[in-house]
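Model the full assembly from the supplied sequences, consistent with the hints where possible.
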Amino acid sequence: MLSALKDDLKLFLSLILISAVFIIFDNFNLLNFPKSLLQQVTIPIQYGLYKTSVNIGKQFEFVLLSRRAAQENKALTEQLASVLSENSQLRQKLAEIEGFLEQQNSLDAQTFNLVPVRPLGFSRFLIIDKGSDEGIKVNQAVIFKDNFIGLIKEVSPKKSKVMLSSDPDLKISVFASNETGKAKGVLSGQFGSEMIMDKVLHQEPLEVEDLIYTDGQEVEIPRGLILGKVAEVLSKDNEVFKQAKVKPIFDVTDLEILFVVIE
Amino acid sequence: MRLFLLILVLVSFLQAAFLPVNLCLIIILVRSFVVSDRGNYYLAIFTGILLGFLAGVNLGFWAVIFLLVVKITTMIRKLPIAANYWTILPYSFLIILLVSLLQRFLFSESINIYLVLIDTILVLPMYIAVKLWEERFVVHRGIKLKV
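Each protein sequence line maps, in turn, to chains A and B.
Take the first sequence: its position 10, counted from the start at 1, is 28 in our numbering, and no numbers get skipped.
Take the second sequence: its position 62, counted from the start at 1, is 103 in our numbering, and no numbers get skipped.
Each hint should be verified, as a subset may be incorrect.
Across the chosen pairs, the derived CB separations fall in these ranges [as the list claims (entries may be wrong)]:
#1 A:A93 x B:P131: 39 to 47 Å
#2 A:A93 x B:N153: 32 to 40 Å
#3 A:E90 x B:K119: 54 to 62 Å
#4 B:F178 x A:Q97: 30 to 38 Å
#5 A:I61 x B:S77: 34 to 42 Å
#6 A:N73 x B:F178: 28 to 36 Å
#7 B:S77 x A:R86: 33 to 41 Å
#8 A:P52 x B:K119: 55 to 63 Å
#9 B:W174 x A:R85: 22 to 30 Å
#10 A:Q110 x B:L158: 53 to 61 Å
Hint data in this document are derived by calculation from the structure and do not stem from the laboratory.
Where is the CB? At the ideal position from N, CA and C, for every residue including glycine.
What follows is the structure, given as structure tokens:
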């Protein structure tokens, strides 16, 4: 047992001595020649291993980067959707505010009690987002700036239907005005976007591009609101009255906000 | 032992090329903890010189370190506390830390404590693998009873 320990110690010391010799020799660069010989074999192997490790590292890095990029892409897509939604809401609010400001310049808010409404849908009638809860009643006028849009046809507590000026059931007394004078008539819708101004006397001046205004004979409709402009004058000598095709100035579906004239 | 020699040569190349962990030290330490034979010294000096050569440091540095590790481990494994295999964890932590300190003083390399911890954690699976190998796959001389 003791001899084994001694042998063990001897081996250890002798190997330490050998290592010390290596340290000294290497310190004085005495092993450079055999080292350079061996390096001719080992350096290509080391280089190959190093390059392999770098390539493997790059592959892992690529996988990690692509995973991160996918996560970032998802997050950015969500952010973009949120920003777009916010942008849309802001645009809508801006349009509403602009509408309010322009409306204030058009009809005096002190004379006319106006309720702002938003369009919800459009088929034959325009559906708006306010109803009897906000004081809206049947036959009240719906306007935008100085333009007549239609009349309230049906009212529910939260929604209302607006009969547009292009509806054939709507008949309004109107007049056209130009430099030579006025032409009075009755405007009725023709389905679609076109309207007809009828019952215009032949002697009354009526020309293309003349603006058509409400006459104010209906109690609920203020006088002087624009309905459209004359697109074509239809005049036949054998008829008592002449007619005119009237086109609205803008598309109702483009509007963000409208106003109902309560009083 | 041949297998260990082969593994150590391979690991030396890997360690010198890119591996940040000191796998050579771990293998030598673990084998010394599991097996007590003279082969550990030969493995230590051979691996030390090879690693020194491949890593471009003084040829005898790692040889001396590994020899000292083998010697200390051989002494530790004779203590009763070494019967519990969990002992290898604090012991290897100390050894790896000491080697890192030596590297710091001799080569001015800063100590990476995370790397020391990773090395220490790696010791345990390595220990289990070496123990399994030595107990199950290495043929030992049969014990003969004197009658």
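Evaluation of the provided hints:
A hinted range of 39 to 47 Å for the beta carbons of A93 (chain A) and P131 (chain B) is consistent with their spacing of about 45 Å. Separated by about 33 Å at the C-beta atoms, A93 (chain A) and N153 (chain B) satisfy the suggested range of 32 to 40 Å. Checking the proposed 54 to 62 Å range against E90 (chain A) and K119 (chain B) shows it holds: the Cβ atoms sit about 58 Å from each other. Between F178 (chain B) and Q97 (chain A) the beta carbons are some 58 Å apart, a value that contradicts the proposed interval 30 to 38 Å.
For the hinted restraint 34 to 42 Å between I61 (chain A) and S77 (chain B), the CB-CB distance of approximately 37 Å keeps it satisfied. Checking the proposed 28 to 36 Å range against N73 (chain A) and F178 (chain B) shows it holds: the Cβ atoms sit about 34 Å from each other. Distance hint for S77 (chain B) and R86 (chain A): a CB-CB separation of about 50 Å, inconsistent with the stated range 33 to 41 Å. Judged by the Cβ atoms, the range 55 to 63 Å given for P52 (chain A) and K119 (chain B) is violated: they are separated by roughly 38 Å.
A hinted range of 22 to 30 Å is violated for the C-beta pair W174 (chain B) and R85 (chain A), which are about 37 Å apart. At roughly 58 Å, the beta-carbon separation of Q110 (chain A) and L158 (chain B) lies within the given 53 to 61 Å, and the hint holds.
Consistency with the previously given hints fails for numbers 4, 7, 8, 9, ordered from lowest to highest.
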